[in-house]
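**Student:** Protein chains in written order, with this note's numbering: chain A, 93 to 358; chain B, 243 to 453; chain C, 243 to 453.
Please keep in mind that the hints were generated in silico from the structure rather than gathered at the bench.
Heads up, some of the hints might be wrong.
Claimed, not checked - Under the rule of at most 16 Å between Cα atoms (straight-line distance), these lysine to aspartate or glutamate pairs were calculated in the EDC-like manner:
hint, chain 1, residue 1, chain 2, residue 2
1, B, 343, B, 374
2, A, 196, B, 410
3, B, 343, B, 409
4, B, 343, B, 318
5, A, 196, B, 378
6, B, 343, A, 200
7, A, 199, B, 410
8, B, 343, B, 404
9, A, 199, B, 409
10, A, 314, A, 328
11, A, 196, B, 409
12, B, 343, A, 194
13, A, 196, B, 422
14, A, 196, B, 416
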Amino acid sequence: MPYTVSTPVFEGPFELLLHLITREQVDLWEVSLSAIVDGYVALIDSVRADLDLETATEFLLIASVLLELKARRLLPGSDEAELDEELAIWEERDLLLARLLECKTFKDAAGALTRLMDAAGRSWPRSAGLEDRFAELAPDPLEGVSADRLRDAMRRLLAPRPQPRLNLDHVAPIRASVADAVAELAEELPRVGRISFARLTADLVERLEVIVRFLAALELCKQGRVELDQAGSFAELHLRWVGEGEPGDARAGEVVALDQVEEYVG
Amino acid sequence: MATESVRAIEAILMVADRPVEPGLLAQVLELPPARVEESCAALQASYEAEDRGFCLVRVAGGYRFQSHPDLAPYVERFVLDGQHARLSSAALETLAIVAYKQPISRGQVASIRGVSAEGVLRTLEQRGYVAEVGRDPGPGQAVLYGTTPALLERLGLGSLAELPPLEDFVPGPEVLEALEQGLRAESSAARGAGGEPSDAPPPPSEEGAQG
Amino acid sequence: MATESVRAIEAILMVADRPVEPGLLAQVLELPPARVEESCAALQASYEAEDRGFCLVRVAGGYRFQSHPDLAPYVERFVLDGQHARLSSAALETLAIVAYKQPISRGQVASIRGVSAEGVLRTLEQRGYVAEVGRDPGPGQAVLYGTTPALLERLGLGSLAELPPLEDFVPGPEVLEALEQGLRAESSAARGAGGEPSDAPPPPSEEGAQG
Numbered sequence: 093m094p095y096t097v098s099t100p101v102f103e104g105p106f107e108l109l110l111h112l113i114t115r116e117q118v119d120l121w122e123v124s125l126s127a128i129v130d131g132y133v134a135l136i137d138s139v140r141a142d143l144d145l146e147t148a149t150e151f152l153l154i155a156s157v158l159l160e161l162k163a164r165r166l167l168p169g170s171d172e173a174e175l176d177e178e179l180a181i182w183e184e185r186d187l188l189l190a191r192l193l194e195c196k197t198f199k200d201a202a203g204a205l206t207r208l209m210d211a212a213g214r215s216w217p218r219s220a221g222l223e224d225r226f227a228e229l230a231p232d233p234l235e236g237v238s239a240d241r242l243r244d245a246m247r248r249l250l251a252p253r254p255q256p257r258l259n260l261d262h263v264a265p266i267r268a269s270v271a272d273a274v275a276e277l278a279e280e281l282p283r284v285g286r287i288s289f290a291r292l293t294a295d296l297v298e299r300l301e302v303i304v305r306f307l308a309a310l311e312l313c314k315q316g317r318v319e320l321d322q323a324g325s326f327a328e329l330h331l332r333w334v335g336e337g338e339p340g341d342a343r344a345g346e347v348v349a350l351d352q353v354e355e356y357v358g
Numbered sequence: 243m244a245t246e247s248v249r250a251i252e253a254i255l256m257v258a259d260r261p262v263e264p265g266l267l268a269q270v271l272e273l274p275p276a277r278v279e280e281s282c283a284a285l286q287a288s289y290e291a292e293d294r295g296f297c298l299v300r301v302a303g304g305y306r307f308q309s310h311p312d313l314a315p316y317v318e319r320f321v322l323d324g325q326h327a328r329l330s331s332a333a334l335e336t337l338a339i340v341a342y343k344q345p346i347s348r349g350q351v352a353s354i355r356g357v358s359a360e361g362v363l364r365t366l367e368q369r370g371y372v373a374e375v376g377r378d379p380g381p382g383q384a385v386l387y388g389t390t391p392a393l394l395e396r397l398g399l400g401s402l403a404e405l406p407p408l409e410d411f412v413p414g415p416e417v418l419e420a421l422e423q424g425l426r427a428e429s430s431a432a433r434g435a436g437g438e439p440s441d442a443p444p445p446p447s448e449e450g451a452q453g
Numbered sequence: 243m244a245t246e247s248v249r250a251i252e253a254i255l256m257v258a259d260r261p262v263e264p265g266l267l268a269q270v271l272e273l274p275p276a277r278v279e280e281s282c283a284a285l286q287a288s289y290e291a292e293d294r295g296f297c298l299v300r301v302a303g304g305y306r307f308q309s310h311p312d313l314a315p316y317v318e319r320f321v322l323d324g325q326h327a328r329l330s331s332a333a334l335e336t337l338a339i340v341a342y343k344q345p346i347s348r349g350q351v352a353s354i355r356g357v358s359a360e361g362v363l364r365t366l367e368q369r370g371y372v373a374e375v376g377r378d379p380g381p382g383q384a385v386l387y388g389t390t391p392a393l394l395e396r397l398g399l400g401s402l403a404e405l406p407p408l409e410d411f412v413p414g415p416e417v418l419e420a421l422e423q424g425l426r427a428e429s430s431a432a433r434g435a436g437g438e439p440s441d442a443p444p445p446p447s448e449e450g451a452q453g
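For reference, chain A alone in the conformation it holds in the complex (with noise of 0.2 Å):
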């Protein structure tokens, strides 16, 4: 299915969220990704010769978001999805539709400045001031202006002005990097020896970190200095520290070798 692109501008993923569910009626999970890809790909290709970048970025933008909502269900959840991890995904939720309903808020109070500012913009004010015939008695308006003054307002003026752009954070907000992960297994493992892979992410709040530690164990178990078992499907995975350096040994990490790794960041 080619996807057409048609860009109201989106300045925001709150935007971008409220214009799809509200307006769309779009079901997220419902849209081919590889379609989107595909069809960004088609429109590069055919505006290449005048290629709008700010449509291109926003188009961008939009697959990202999709993508990241798609993935955040695509993750490890559990199978024995815990309370607490059950509550928490509601809490996302009502999180988001709280910060949906406080973006859809002030977009409506927006609405209602601008109609305010071309009610009031039909009007132009007298701003002719003061007849020459009085110029003379009003104080000096350069009353304790210096040339300083004067030199930091240039300056102010000469600053470049701001592009508007779009901020990506949102999209991955959390940097892990593979490297830092490894690092710290190198550094944590020989210390402990073996460790469930559960009580090894138990303090990690966000699943990107999770997965980085979980590619970290993997990279480590490439390198033979990790070892990894499962008793069966979806059963308790363990890591146990077989590199050199006996446990206890906290410069262990420092040999493991980091080139090649990968980071993943926003």
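Keeping the supplied structure of chain A fixed, place chains B and C upon it in accordance with the hints.
**Tutor:** Showing chains B and C alone in chain A's frame:
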């Protein structure tokens, strides 16, 4: 016919280049402020009754003369440089947040909008619609922003109290329902492609793998 | 009662910063000039009959509203009170631009500031801090402004060369563009302006590098 003080108000407003507070008029004319307000109201009414091409309005805490909105097409042609440049929707939303939530930090604005507020706030500051009004006493001492009299002038409002109440914009039940529906689809759809949205709890992980 | 064109004249004169030539009014309103003169005369008469605190006068350049001479004592008190005389940030910015980038046209000042500069330039001119120093030789022959010895005196500077340097401040692209548009005009006007050679504007370093 017209009293001297009423005429004096007309004369002063004619040479003013920004709205003049009634308190200042009262001081110059040596009149109680209430009398000034009465006189201004009388002037407003008389210009209206005479169908003048200008009007006397109260904006940003003061009185000023301005052209009558009816005549915008003519004035526009005369003014040439459209001084009423439009704001982007991003700027307007940010402005709304600052107007209703002031004083507010950049971080708070960003968290409501979900995108960085730095660029937009700087643009609004350059336009003179928002300004630093203080510092957060907490750690970090974030700059706090508020709106300016120039914004009130641009909105044609006498004071911030004249802003339409924010409650007016809180989405109604149908929007709330639509949003809930949308978010529900998020969790239910992953259970089975094309499934009816339901109140189902979040999906078990093994099915997510099909998505 | 009042015809639309008469109301339009009132509206335009109310927002004009300088006297408006009847020819310009006629053009904007698409009326024969004689009709404009008639309407203005009728307005003058009506303000007088109503004993307004302002009047419509015909000065060299055209028509303008001004305060009624009777009420000068009140206007003087208002002016002396000084509350409206603070140098606005708009005036400060405009003065800075003229000081550092002179000679410069009104249009260039406006494009650097992002808003119209007419009223502010006029106030600064009235005050004797800026003055016309020449004309842009290009089409339109825009008036070019520069600062006066009175400004230098006020700031306690011996010459423009003593203005605090902007150092290595790199202007944003839109400022550069605004300046580049006027470079040709600026350089030729600087030759033609014939100002005191010692007061020549210091060539700001960042322009030297880019121009």
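**Student:** Next step is simple, just say for each hint if it's right about the structure.
**Tutor:** Against the structure, the hints:
no., hint, result
1, B:343 with B:374, "holds (14 Å)"
2, A:196 with B:410, "holds (12 Å)"
3, B:343 with B:409, "holds (13 Å)"
4, B:343 with B:318, "violated (34 Å)"
5, A:196 with B:378, "violated (27 Å)"
6, B:343 with A:200, "holds (15 Å)"
7, A:199 with B:410, "holds (12 Å)"
8, B:343 with B:404, "holds (15 Å)"
9, A:199 with B:409, "holds (13 Å)"
10, A:314 with A:328, "violated (20 Å)"
11, A:196 with B:409, "holds (12 Å)"
12, B:343 with A:194, "holds (12 Å)"
13, A:196 with B:422, "holds (14 Å)"
14, A:196 with B:416, "holds (13 Å)"
Of the numbered hints stated above, those contradicted by the structure are hints 4, 5, 10, listed in ascending order.
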